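Trainee: Residue-level listing of the chains:
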Amino acid sequence: MEKIYVEKTASRGIAVAKIYKYEELDLKPVQNKIQEQDKEGQIGKFLDARECVRGELEKLAAVNEIFSAHLEMVMDFTLEDSVKSKINDESDNAESAVSEAVSEVAAVFEMMDDEYMKERAADIQDIGKRLMAQLKGVPLPDIGNLKEEAIVLAKDLFPSDTVKMDTDYVKGIITEEGGVTSHVSIIAKNMNIPALVGVKGIMDKLNTGDIVCMDAGEGVIIISPEEDVLNEYKQKKQEFENEKQRLEKLRNNPVITKEGKKISLCINAGNAEDIEKALPVKMDGVGLFRSELLYMEKTHFPTEEEQFEVYKRAAMLCPQELTIRTLDIGGDKELPYFDFEKEDNPFLGWRAIRISLEMKDMFKEQLRAILRASAFGNVRIMFPMIISLEELREAKEVVEECKKELREEGKAFCEDIETGMMMETPASVILAEEFAKEADFFSIGTNDLTQYLLAVDRGNKKIADKYSYFHPAVLNAIKHIIDAAHKENIKAGMCGEMAGDVKAAKILLEYGLDEFSMSAGSMDYVREELLKLTGAI
Amino acid sequence: MVSKKVTIINPSGVHARPASILSKAATECSSEVLIIHGEKKIQPKSILNLMAAALKKGTEIEVQCSGENEEEDLKKITELIESGLGE
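Protein sequences appear in the order of chains A and B.
When the count follows this note's numbering, it moves up by one through the first sequence with no breaks and lands on 537 for the last residue.
When the count follows this note's numbering, it moves up by one through the second sequence with no breaks and lands on 1087 for the last residue.
Calculated from the structure, these hints are not laboratory results.
As the structure is a prediction and not an experimental result, all values here were calculated from the model.
Just so you know, not all the hints are guaranteed correct.
What the hints assert, rightly or not - Covered stretches of chain A, as calculated for chain B (at least 3 residues, CB under 8 Å): (1) 23-37; (2) 68-82; (3) 114-126; (4) 296-304.
What the hints assert, rightly or not - A partial selection of chain B residues facing chain A, derived with a Cβ cut-off under 8 Å: (5) M1001; (6) S1003; (7) T1007; (8) I1009; (9) P1011; (10) H1015; (11) A1016; (12) R1017; (13) S1020; (14) K1024; (15) A1025; (16) K1045; (17) A1052.
Built from N, CA and C at the ideal position, the CB exists for glycine as well.
The following block holds chain B by itself, in its conformation from the complex (with noise of 0.2 Å):
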C-alpha cells in the first residue's frame, strides 16, 4: 500500500462535477483506491460516495492505493485532486 497526503483547492470542494471527475479516474484505475479524511473513509470509486464526504477546500487527506499499480494510480489520483480536478 502506497499512500499520499493532499490538500483539496476548489473554490467551492468536491461538489458534484469535480466529484464525477475524480470517481471516473479512480474507477479507472486497477487498484484499490482509498480516502482517509480524519475519521472517515471514502471510496473515490463512488461519486455518491464521495459527495457525501463533502470535502471542503483546504481540507487535508490522505489517499492510499493498494494494487499492483499501486505507485502510478496513486500518482494520477494526488495530481489530479492537486490540480483542482478540472477546475
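Next up, chain A with everything else stripped away, as it sits in the complex (with noise of 0.2 Å):
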C-alpha cells in the first residue's frame, strides 16, 4: 500500500476501481528528405489529412464548442505556410513537417507566463495527434471503448480523449499533467468525476488493472490499499454519493408551510452564466441581480444596449422571478473608469441608490434597459440603500418617465413591473410600515443591515466576534420588516448571507420570510432544511 497526497483538485469526489492507463500512440514522425518531384505529393498528402480532420472536428464542433477553435486552429493559414515550407524549403515529409510545425507553435504557448494560455499548448498538440494519425492511417485510441468501472490514468487527457468519455464507466481521472484550469479539469468538473491533476510521476507507478482509491476533495491517492482502507474508502464514497443523491432528489419538492404557503427559494447572480450553472439546482428565480458586477468588468459605463442584451439573457434563462437590484457602487465598491472622492466613511457615503438619483441620465439608461428586459420575463427592479420615503417616490418616478419614454418608442416592456426595495438601512427598519405602502416588495439584505444596526465594520478584524444577525436587534428588525410587509400584503425576501445559513432556516421560517435567496451552493442544504421544518421529510 502507497498513499499520495496531492495538491492539485480539480474536481471533488471519491472513487475505488481498477486503474485504465491511458496510453499514447507511438505518433513519431518517420524521418527521411524527400526527392524535389515528390515535395507536391507530400503537400497533397497533408491537406488531404487536413481536410479528414476538418470532417471530425466539423462534427465535433456541433456537439462542443471548444472544437469549433480547434477547427479554427487546424485550418490555420501560418500552421499551412509553416509546413509547407518545411516540405519545400528543408525537404522534410508530411509526417516530419506536421509535426515539427506544430511543436514550433506549441512550444510558443509552452513558454508564455499566463497559465491559461500555457495551457492552450495541449489544444495545439491534440490538433497536431489528429494530423499525425491521419498522415499514418492508423485509428487514435479510444477512451469510448471502455466498458467496465476505471479509474482513467493518462499523461494528460486532451478534449478530443474527454469528449468520449463515458460517466457510466468513468469513475476518476488522474493525471501527471494539467493543472486546476485546464481542459481535463473543467470537463472533469461538468461531468463530475473526481480528479487529480498535476501528479508528478503517477504514470510509472501504475499499470492498467492496479487497484486504486482516491479522495480528490482532501488528495489523496492510496494505491493497492489493505482490505480495510478500501472498505473504509467504499463506504466513505457510498456516504459521499448518497448525500448526493440525497439532496439532489429534493430538488424538486416544493417548500410549503404547515399553512400552505409556498416559499420560494431562489439564487444570488451577478451574471447570466451564475443563473445558467445554477439552472441543475432548480431555484425559483433570482432574489438578487447584483448589476454592479455588469459595471464593474466595464470600461465605461455600460450603455443601454450592452445592459439590455445581458438582462434580457438572464430573464430568459429564469425560471420565475428576476429582480434586477439598481447600481449598487460605492462603499468597498469602485468602478476602473470613474473618480469616487475619497471619503472618511464610505459605507456611510455617497453610493447605491444616492449616486444613481444624482446620475440620473446614468440611472435612466439602466432603468430602461431593465424595463425593456421585462419583455422577456418575470422581472422585477429592486432598489438599495433607501433611507425614505423621499427616495422611494424619486426613483419610482424615474422608473415611470422611463416607461413613457419606451412607450413612446413604441418598445416593448412590461406595464406592471414590481418595484421593490432591499431593507439593510436603520431608517429602512423604522419606517417599515410606511415603505410597506409603497413599495412592491421588500427584500433583506442582512450583510449591510447587520453592521449598520450594531454599528460593527464587518471587515474589522478585531470587533469580528461582534457580528452576528443573530443579535436580537437583527432579528427584531427582521420580524418587524416581515410583519410591516405582510400588513400591507407584500412578500418578504432576504438575500443576505442568513439566508444561506441553515442555522437561520428555522427562525426565518417562523418570521414568516417568503422568499430565501442565497448563493446557488448553499440551496440543496437550505432547502432539506426547510423541507424537514415543515414536516416534508
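Each chain sits in its own coordinate frame; assemble them with the hints.
Mentor: In C-alpha cells form, the structure reads like this:
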C-alpha cells in the first residue's frame, strides 16, 4: 500500500476502482528527406489529412464549443504556411513537417507566462495528434471503448479524449500533467467525475488493473490499498454519494409551510452565467441580480443596449422571477473608469441609490434596459440603500419617466413591473410600515443591515465576533420588516448571507419570510432544512 | 490604409474563444487586417498568431485595414473588439 498526497484537486469526489492506463500511440514521424519531385505529393498528403481532420472536428464542434477553436487552429494559414515551407525548403516529408510545425507553435504557448495560455499548448498538440494519426492512417486510441468501471490514468487528457468519456464507466481521473484550469479539470467538474491533476510521476507507478482509492476532495491517492482501507473508502464513497443523491432528489420538492404558503427559493447572481450554472439546483428564480458586476467589468458605464442584452438573457434563463438590483456602487465597490472622491466613511457615504438619483442619465439608461428586458420574463426592479420615502418615490418617478419614453418609442416592456427595495438601513426598518404601502416587495439585505444596526464594521477583524445576524436587535428588525410587509400584503424576501445559513432557516421560517435568496451552493442544504422544518421529510 | 485604436475588454483577455471569433471575422474581411500591439504585428486572420499575442484586458491595440473595403472592415473589427468578442 502506498499513499500519495496531491495538491491539485480538479473535481471533488471519491472513487474506488481499477486503473485504466490510457497511453499514447507512437505518433513519432518517419524521418526521411524527400526528393524535389515528391514535394507536391507530400503537400497534397498534408492537405488531404487536414481535410479529414476538418471533417472530424466539424462533427465534434457541433457537440462541444471547444472544437470550434480547434477547427480554426487546424485550418490556420500560419500552420499551413509553416508545414509547406518545411516540405518545400527543408525537404521534410509531410509527417515530420507537421510534427515540427505543431511543436513550434505549441512551444510558443508553453513559454507564455499566463497559466491559461500555457494550457492551450495542449489544444495545439491535440490537433497535431489528429493530423499525425491521419497521416499514418492509424486510429487514435479511444477512451470510448472502455466498458468497465475504471479510474482513467493518463499523462494528460485532451478534449478529443474527454468528449468520448462515458460517465457510466469513468469513475475517476488522474493525470500526470495539467492544472486546475486545464481542460480536463473543467470537463471533470462539469461531468461530476472526481479528478486529480498534475500528479508527478504517477504514470510510472501504476498499470492497468491496479486497484486505487482516490479522494479528490482530500487530495489522496492510495495505491493497492489493504482490505480495511479499501472498505473504508468504499464506505466513504457511498456516504458521499448518498448525501449528494439525497440532496439532489429533494430538488423537485417545493417548500410549503404548514399554513399552505409556498416558500420561494432563489439564487443570488452576478451575471447570466451564474444563472445558467445554477439551473440544476432548481431554483425558483433570482432574488438578487447584482447589476454592479456588469459595471465593474466594463471600461465605461455600460450602455442601455449592453445592459439590455445581459438582462434579457438573464430573464429568459430564469424559471420565475428575476429581481434586478439597480447599481449598488460606492462603499467598498469602485469602478475602474469613474473617480470616486475619497470619503472618510464610504459605507455612510455617496453610494447606491444616492449615486443613481444624482446621476440621473446613467440611472435612466439602466432602468430603460431593465424595463425592456421585462418583456422577456418576470423581471422586478429593486432599489438599494433606501432611507426615506422621498427617495423611493423619486426612484419610482424615474421608472415612470422611462416607461413613458419607451411607450412613445414603441418599445416593449411589462407595464406592471414590480418595484421594491432592499431593507438594509436602520431607517428602512423603522419606517417599514410606511415603505410597505409604497413598495411592491421587500428584500432584506442582512449583510449591511447587521453592520448598520450594530455599528460593527464587518471588515474589521478586531470586532469580528460582534458581527452576528443572530443579535436580538437584528432578529427583531427582521421580524418587524416581515410583519410590516404582510400587513400590506406584500412579500418579504432576504438576499443576505443569512438566507443561505442552515442555522437561520428555522427562525426565518417562523417569522414568515416568503423568499430565501442565496448563493447556488447553499441551496441544497437550506432546502433540505426547510423541508424538514415544514414536515415534508 | 485606415486605422483605429481600441482597448481589449474581455476579462480574461483574448483567449481561445474570443480569438476564434475574431479570427473568423477577420478572415471574412477582404482587406489586409493587421493588429499592432507595441512593437508586435499580429495577423488576426490567424487564430494561432492571435492567441500567441496573449492580449490582456485593458491592452490598447491598433487595428489597421487596407484594401477596397477598408472602412467597412475596420468598423466591423473594431466594433467586435469593443463589444467584447462575443463574451
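Trainee: All the hints need checking, so say for each whether the structure fits it.
Mentor: Hint-by-hint comparison with the structure:
no. : hint    : in the structure
1   : 23-37   : violated (count 0)
2   : 68-82   : holds (count 8)
3   : 114-126 : holds (count 6)
4   : 296-304 : holds (count 3)
5   : M1001   : violated, 21 Å
6   : S1003   : violated, 20 Å
7   : T1007   : holds, 6 Å
8   : I1009   : holds, 5 Å
9   : P1011   : holds, 6 Å
10  : H1015   : holds, 6 Å
11  : A1016   : holds, 4 Å
12  : R1017   : holds, 6 Å
13  : S1020   : holds, 4 Å
14  : K1024   : holds, 7 Å
15  : A1025   : violated, 11 Å
16  : K1045   : holds, 7 Å
17  : A1052   : holds, 5 Å
Hint compliance for this structure: hints 1, 5, 6 and 15 are broken, all remaining hints hold.
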